[in-house]
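One-letter residues, chain by chain:
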Amino acid sequence: MTDKPILTVENLTIDIPTGTGTLHAVRGIGFDLKPGETLGIVGESGSGKSLTSLALMGLLGRSIKTRATTMEFDGVDLLSASARAMRKLRGARMAMIFQEPMTSLNPAYTIGDQLMEAMTLHGNASKADARKRAIDLLQKVGITSAESRMTQYPHQLSGGLRQRVMIAMALMCGPDLIIADEPTTALDVTIQAQILRLLVDLQKEFGMAMILITHDLGVVARVADKVAVMYAGELVETGPTQAIFDAPSHPYTRGLLRCIPLPGKTERGTELGTIPGIVPSLVGDVSGCAFRTRCAHATPACRDAIPVHTAPGVRHSFRCISPTGFAEADDTPQSVEASV
Amino acid sequence: MTDTPVLELRNVTKTYKIKQGLFGTPKPLTAVNDVTLKLNKGDVLGLVGESGCGKSTLAKVLLGLEAPTSGEVLVDGKALGGQDRLALARRIQPIFQDPYSSLNPRKRIQDIIALPLRVHGVGNEASREKAVREILDVVGLPARVLTNYPSQMSGGQRQRVAIARALVMKPEIVICDEPTSALDVSVQSQILNLLGDLRREFGLTYLFISHNLAVVEHLATEVAVMYLGRIVEKTTVANLFDAPRHPYSQALLKSVLTPDPSMDVPETHLGMAYPNPIDPPSGCYFHPRCPAATKLCETRAPRAVQDAKGLVECHLHDEDVAMTTA
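Quick note, the sequences are listed as chains V and S, same order.
Just so we're aligned, residue 0 is where the first sequence starts under numbering that gives the first Met the number 0, counting upward by one.
Just so we're aligned, residue 0 is where the second sequence starts under numbering that gives the first Met the number 0, counting upward by one.
Simulated from the structure, these hints should not be mistaken for lab results.
Any given hint might turn out to be false.
Partial pick of chain V residues on the chain S-facing surface, computed with a CB cut under 7 angstroms [to be verified]:
1. 184
2. 185
3. 196
4. 199
5. 201
6. 221
7. 241
By construction, the Cβ of each residue, glycine as well, lies at the ideal position given by its N, Cα and C atoms.
Chain S with its partners taken away, still in its complex shape:
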C-alpha cells in the first residue's frame, strides 16, 4: 500500500527505572525495545507474546498514556508530540481486558458511554443522548439498559458497553487489550463477531493484543510476535500461522491446544526460564530457550531481516550471517 499508514511507530523505546531494594541504585528496564511498526487503514494487527514481554506498555505508548523514552509515534504521518492529547484521544480509543473493573460502578450506562463526548465537548445534551442511543444499537444492546448500572449487567454486556464507549467518538484506531479473555467462550465468539462487523462497517483499524493465538489467527490480518520488548517476527496471518520462521513463534504456535483428542499435550522444550527483563541475556534475547541456538546467538544480537515473507529477527534467516558462518 502506498498511502501513509494511520499509525506508525519509529524506533520506539520505553525504559523504566526499577529500584531494587531500599538502597539499591535504580536499574533500567527496557519494556519496549526499538520497536518499529506500521498499521495501514483497515488492518488488524495482532500482537502476541508472553506476559511481561511489553505488549501492554506498547499499548500505553500508543494511547499516549506513557511517553516513549526515545523514538516517535506517528499518526497519519504526523508525530504524536505535535498533536495534543485530546486530539489524539479522538482518534485512538482503548478497549480493556476486564469489563468488571474498567467501568465505573457508580455511573449509569448512559453516563459511561457519553463521558468521552462530554470531555471533548461534542454537541449538546440532546445530540449526545442521540449519539449514545445510536452506538448502543450498533453494539447490539437494547435501549432499556441505558439507566442500568454496570453491576446489573453480564460480562458480555459490559464488554459491549466498553466497546460502545470506545466507538462513540468515532475513532479510527481501536487498541483492544485482551478484549475477550475475561469472557466465557459462548460470549467471546459474540464479541469477536461484533469487533469484526464494526471493523467492516466503520473501516476501523485495530491493534489486537491477545495471548489467545486461535483468536488472533481468526481476527487479525497481520501479526507481530513480541519477546522481551522486541518484535521478533512480523508478517501476515497466513505466513505466520502456516509457516512461522522465528523459533519463538514456532514454539508459541506449538503450545496452542486445539480441541483435538487424538493429539497429546505438546512438548515445547522452551523451559520455564522467561528471562528477567532487568538483566536480559546477551546476544539474541531468546538464545537461552532456543532449540536452534548456536555460539553466534550467545554473543551477537540478530538484525531484523525484512523480505517478501515479512520481518524476522533471527540469525537463521539472515543470509549474510549464514554466509559468514558457513
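Isolated chain V (complex conformation):
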C-alpha cells in the first residue's frame, strides 16, 4: 500500500437541467482513496450517491453538467479525458458492480461471452486467455462447475449467482478501483454476508481500492475503512468508520443511527427514532444546510454558509453551524408531523 491516493475528487458538482430549473444533485463533494482502501458512501435515495459513481465512471449523459476542481484517477483527469481514454479506463482499470444483477446482465448472451467481452475488447488477451481467466474467476467467486456455467444464460442462474458473475466480470481486467453500487441490496441476508465476505477477500488479494455505495449502515460498518455520509447532494460527515460510529457528529448521521433497531441495544418493541420531514427540493438556488428543515436544532444561522469542523488528527469532519454538531443536545424532534 502506498500513501499516494489513486483517486482524488475535489469539489465535484453535478447539475441536471430540468423543466423547472437546474437540479443541483451533487454539490461540492470531495474525497480521496488510496490503493487497498474502502470508502463507504451512505445516504438515502436521492442523495446523489449513484450519480457520483456514474460521474466517476464517465457514464453520465451529455446534458448533465459535471464540474470539479479535481477528479483524478491515477494521474488521469477524468473530466478532460477523451471518450477514447475513458473507454480504455472503464472496465479495465475502473470497474463497476451494479445493484440489480437481474437487469444488468444481457439476457441474450451467455455468461461466458459477457465475462470475456471486456477483456478481449481491451485487447490485452486472446480469446483462449480470456476464457481461462473467466473460468478462474468464476471459481474464485465460489461458482461450482464454472466451465459449464460459461455456456449458460443469465436466466438460468439465481440472484446470488448472478451477482457473483457481476463481481467476476468487474474483476476480469484486474482493475485498481471497484465501484460497487448497492451490491447486495437485492439479495437475501445469508447471500449478502457471503457476497460481502467475497468482495472483501478479493479486494485484499488484489489490493484494489473500493467505493461501496449503500444505504445499509450495517454493511458500511463491517466493510468500509472510511465513511462519507451524503445528504441531499452534500457530504455532511466524513471520517474513519470507527470514529463515525463511535461519535457520529452531524445530526443527520445520529438520526440515521437512531432509526434502525440495533439488536442487543434497542429494547424490543419500543419506539424507534425518526427523522421527521422530507428531503428538500434541490431545484433552483440551494443555500445553507440542506438538513435544516428536518433538524431538531435548526436556527436562522443554518441558512448561511456552513463551516466544516474537523476533529484533530483523525480526519473526521462534518458540516454544521455548531462546532459539536449539537452532540450535547437532545435530538428528539420537537414536533413530529408525519410528512413522509
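Take the given structure of chain V and dock chain S to it, following the hints.
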C-alpha cells in the same frame, strides 16, 4: 393462552405443478409443506426465511388468494372454507411490499382508501368519506392528500395510504409482506412505529413477513423460521434471538450485519446452494448446508419437537433420536 387463536393453520400444504420444458411432465413443487401455526389475538408473528422458501405463498393462502392443496385455515376456530371470501376479507387485510405498484396510479387517494368500503357495501357515500378521513388521521396523513394521485406522494406517504386502505375495514388480522423493505431507513422507522402504535390502539394481530431480522426482532412477539416450505423453528422473539436452536436459525442470525465497525463480515459456512424446491434433498431438507449434519440427517426427516422453548425441527434437539444414536 386458553382462548381460541384468531388464526390457525392446520397441516397446510400448497403444491404447484411446474412444467419443465415444452413436453416435460409437470412436477410438483411444494411451496408450503405441512405448516401448522397459531396466532393469538394481539400477537405479531414474524415470518423469516430466504427468498423462495414459501413465505409469500403462505401469505396468499392466509388471504384466501390461493386455496391450500391440503390442510385447513381456521379463523376464530372456524374453517376458512366455510366462510365466504367477502367475510374473510373483512377480517384479514394485506399490506404489500412495494407502495409504488400496489396503489392504482389512476385513482385518487380517497378512492383508493374507500374502495374496500364500497366493495363491501359499508355505509353510504357520506359515512364512507367520514371513515376515510378518520383513518387518514390515524395513519398520520393530512386531509389535503385526499385528492392527490399516488404519483404525487413519497414512498413513505404511499405506504401510509396502503396501511390506511388495509385498516379502513377494521380488520383483526393484517398480513404485512415486507412492508418496509422498499423504503429508506428514516422512513422505515416511522412506518414501523406506526404499525406498533396501530397494533396497540386497535388490538391488531400481525403476520409480519420480512427478511430484515433486526426489524422482525424489534416488532414481533413470536418468530417462525421457514426453510423450503417448512417451519423449522417457532418460538418467542426472546428465545429465538437470544438462543436460536435450529442450525439454520443460527446461520440466519449470524448473517445479520449490525452496524458495529469493530466486527468483520461474518462467515456463515452456508454455501450458495439454496436447494431446488422441485427436487428437495432427502432426509432433513437443510442437511446439505448444515454444519452439524450427520448420517442420520441425510436419510431421515426430523420430526417437530415442541417443548417449553418452542418448536424446532431438528434431530439435534430430538431427545429420542439422541438416545438411539448414542
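*asked:* Quick check on residue 199 (chain V) please, does its C-beta sit within 7 angstroms of some C-beta on chain S?
replied: The hint holds - residue 199 (chain V) has a Cβ within 7 angstroms of chain S, the shortest such distance being about 6 angstroms.
*Taking the closest Cβ pair, is residue 184 (chain V) under 7 angstroms from chain S?*
Since the shortest Cβ distance to chain S is 9 angstroms, the answer is violated.
*Tell me if residue 201 (chain V) is really an interface residue toward chain S, meaning its C-beta lies closer than 7 angstroms to one of theirs.*
Hint on residue 201 (chain V): violated, closest Cβ of chain S at ~12 angstroms, above 7 angstroms.
_Residue hint residue 196 (chain V), partner chain S, criterion CB-CB below 7 angstroms_ = holds, 5 angstroms
*Report holds or violated for the interface hint on residue 221 (chain V), using the least CB-CB distance to chain S and a cut-off of 7 angstroms.*
holds, 5 angstroms
*When the nearest CB of chain S is found for residue 241 (chain V), is that gap smaller than 7 angstroms?*
holds, 5 angstroms
*Go through the hint on residue 185 (chain V) and say holds or violated, using the shortest Cβ distance to chain S against 7 angstroms.*
With Cβ-Cβ at 10 angstroms, over 7 angstroms, it is violated.
Hint check: violations occur at hints 1, 2, 5; the rest are consistent with the structure.
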